[in-house]
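Participant: Here is how the chains run, residue by residue.
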Amino acid sequence: MPYTAEISRTNPSCFLFLVDQSASMVDTIGEAPCLRKSDVVADSLNRLLTEVAIRCAKEEGVRDYFHVSVLGYGGRSVQSALTGALQGHDLIPISQVAEYPLRVDQRVRLKPDGAGGVVEVKTDFPVWVEAQANGLHNDDVTLGHMDVW
Amino acid sequence: MAKLQSFPSGFQYQEAVQHPDRCFSNSDLRSASFERMALGLPKMISGNFGAVFPMTSASGHKYAVKCFTRRVPHQMQRYERISARLSTLEPWWATDFQYIPQGIRVEASQYPILHMNWVNGCTLTHWISQHTNRPAAITKLAHCFDEMVHDLSNSGLAHGDLQAGNLLVTDDGQLHLVDYDGMYVPGLDGLPPDEVGHPDYQPPSRSQNDYGPAMDRFSAWLISLSLKILAAAPELWDQLNPAHDEYLLLNRHEFLDLNSSSRLATLCSHRDMEVRRLAQVTRQILSLPPAAIPALAVPSPSPGRATAASPTTALGAVPGWMRSHITEPAGSPVEPEAQEPARHSQRNDRWHTWLVRILIALPLIAFAGAGDWRLRLAVFFTMIFLVTMALWLLYRRDPLTQRYTELTRARRKAISGARETSGRISSVQREIAGVEPTEKRLVSRHTKEQVSLKTDADRRQQKASNEIESIDRKLIADQIAEIQRELNAAQIDMDERHQADRTSFDQRKTALAGQLGQAHSDHLAAQELVLDRESRVASARRPRFGRFVSSALREEAPNVAS
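Quick note, the sequences are listed as chains A and B, same order.
Numbering of the first sequence is given in this note's numbering, commencing with residue 1 and proceeding in unit increments.
Numbering of the second sequence is given in this note's numbering, commencing with residue 1 and proceeding in unit increments.
Heads up, a few of these hints could be off.
[As the list claims (entries may be wrong)] Below, simulated DMTMM-like cross-link-like pairs (lysine to aspartate or glutamate); rule was C-alpha separation at most 25 Å, straight line:
id	chain 1	residue 1	chain 2	residue 2
1	B	K43	A	D105
2	A	K58	B	D96
3	B	K140	B	D238
The set of hints was computed from the structure by calculation and includes no laboratory data.
All chains, full assembly: derive it from the sequences and hints.
Facilitator: Dropping the structure here:
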């Protein structure tokens with residue numbers, strides 16, 4: 001049922017991402033021969049997490065308008081797909097997410113050079129979730145985690 | 001230029017800003033460097049309509065670059081006019097900015113940016129959190145805010161989104177107003193912005209139709225009063241806004257139903273009298289229809305009671321008419337003006353005493369000096385009469401009596417002023433009541449004309465259709481089409497006439513609404529004046545003739561302050 005609700009620091013909203021990390025995620029996607037489904041999912045999720053974090057960026061820092069959980073399923077258990085400093089935490093305020101990416105990659109992108117051609121440009125790309133593909137589906141255990149928040 | 005229908009997201013701008021030399025068209029910005037947030041990405045401040053990037057040029061000058069994430073109608077014309085107006089006025093609270101239509105390249109397209117000078121300060125919310133232990137600084141800032149609002153309204157400007165996030169305070173306590181996206185300047189009447197301000201600072205009914213020079217009144221009062229309340233009781237900050245959220249003391253939920261607002265109830269029942277009084281004023285202001293809210297009063301200390309208040313009390317900056325809505329504290333200090341004549345009469349006391357004694361002695365001397373007893377009596381009564389007259393004159397010339405007379409005269413004048421404004425309100429209301437039937441008549445006439453036009457056309461068309469057997473079908477069809485064209489033309493003509501009638505009528509209605517708001521505001525001011533004069537008269541004890549004579553005889557200075 002559609003509804004509207006205020007999102008503020010006293011009344012934050014929650015994002016729960018469920019990531020399929022099963023063996024089938026090694027399959028390729030689209031035309032490119034070496035582009036795995038798991039890579040595309042990880043990139044999209046990392047980009048989305050960056051978007052959410054910078055949307056909450058204010059003068060004094062990132063405000064906790066959202067809490068985020070990323071659960072990976074596919075192996076024997078369901079667990080947080082976040083690694084590094086955020087490992088083991090199910091629900092994380094967005095300010096903490098913004099504070100502790102796993103690493104910041106340098107991605108090479110082709111950009112228009114302004115004269116009709118393209119040029120290779122390196123841009124910083126924060127990474128929280130690694131591409132993973134192993135094991136089998138296990139939806140049932142995942143759903144149990146949604147009660148936490 | 002790029003199609004402005006879809007704008008880049010914050011993420012895309014952030015990617016672009018990582019290479020200032022590639023994305024910016026302005027040479028100063030091309031060589032500028034950005035700050036980094038924890039993610040390692042360029043630091044940015046996100047807003048509803050865009051993202052602001054702090055940038056430092058090669059020469060060390062700091063800028064704020066605003067990139068837009070949504071399309072804003074008439075953006076360029078609006079910024080050009082606002083910029084022209086502000087550069088003429090050069091107000092102390094404003095920040096320099098330049099609108100660059102093709103300021104940033106994202107992917108293959110160019111987008112506008114706002115190139116601004118960086119204000120080295122923090123937002124009002126952040127500043128209050130740091131200054132809850134310094135009420136004097138909050139009082140000063142409240143005064144500064146009132147001056148800023150006064151300056152805006154004096155210049156015919158309105159900001160449109162007065163709120164804590166747009167008020168920056170520098171280290172030296174100077175206030176700056178930023179974000180001119182929704183600003184009104186004279187000449188922008190037909191070009192309203194696409195925003196109606198932060199809901200925690202606007203009346204619930206705020207819409208684009210309110211765009212104009214008076215749109216800041218609600219938010220200006222709200223911020224001014226909140227700051228004054230916080231100056232009187234800084235602990236309320238953590239109590240009423242524990243998360244230090246974007247609102248100050250009251251938020252949008254309170255505005256919807258003031259009577260069930262727990263925050264306002266907390267303020268109204270606070271142990272501090274200043275807080276209670278300011279809370280009552282807040283309730284009054286927020287209850288008024290937005291069009292009837294008067295402008296925030298001139299912040300300079302007004303003569304009379306306001307100056308008598310201690311400079312550390314928040315009410316020192318409370319404007320004139322507001323005081324009519326708040327109860328006086330018990331045992332208020334005696335006014336300086338009232339004390340002045342008292343001192344004056346102390347000085348004249350000795351002179352008065354001797355004059356009165358000589359005057360009273362005169363009939364006795366005359367009585368003793370005359371020969372015949374009839375003559376003595378005649379002289380005695382004549383002297384009594386003359387001396388009483390002389391004493392009466394002395395009594396009337398006494399500074400205390402004169403002061404009292406002046407006060408009662410001022411009171412009479414204030415009362416007649418209040419009657420006059422109240423009369424004006426009734427007369428405007430009568431005019432409005434007179435205008436309403438005209439509106440109804442206008443609408444009903446329009447409907448009748450429409451119906452009669454349609455009936456006539458239908459009749460003619462029917463008649464033409466009936467002739468179908470006798471005359472050529474084509475001719476009839478042409479005739480019907482002609483009737484339809486005539487009907488359309490007549491309808492357009494009638495609509496135009498109706499529109500013309502309506503326009504002048506609507507103008508009249510708007511003017512009357514404005515007059516009513518002004519009359520209400522004047523009446524509030526007049527009521528305040530009456531109250532002020534009443535209290536002055538009450539605090540000055542009426543000097544009696546008998547007491548004047550007896551006190552002069554007893555060598556006592558008449559004292560109003562007793």
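Participant: Would you mind confirming whether the straight-line C-alpha gap from K58 of chain A to D96 of chain B stays at or under 25 Å?
Facilitator: 21 Å, holds
Participant: Going straight from one Cα to the other, do K140 of chain B and D238 of chain B come out at no more than 25 Å?
Facilitator: 20 Å, holds
Participant: Take a quick look at whether K43 of chain B and D105 of chain A sit within 25 Å of each other, Cα to Cα.
Facilitator: Given that 25 Å is the threshold and the Cα spacing comes to 17 Å, the pair holds.
The structure meets every hint from the earlier list without exception.
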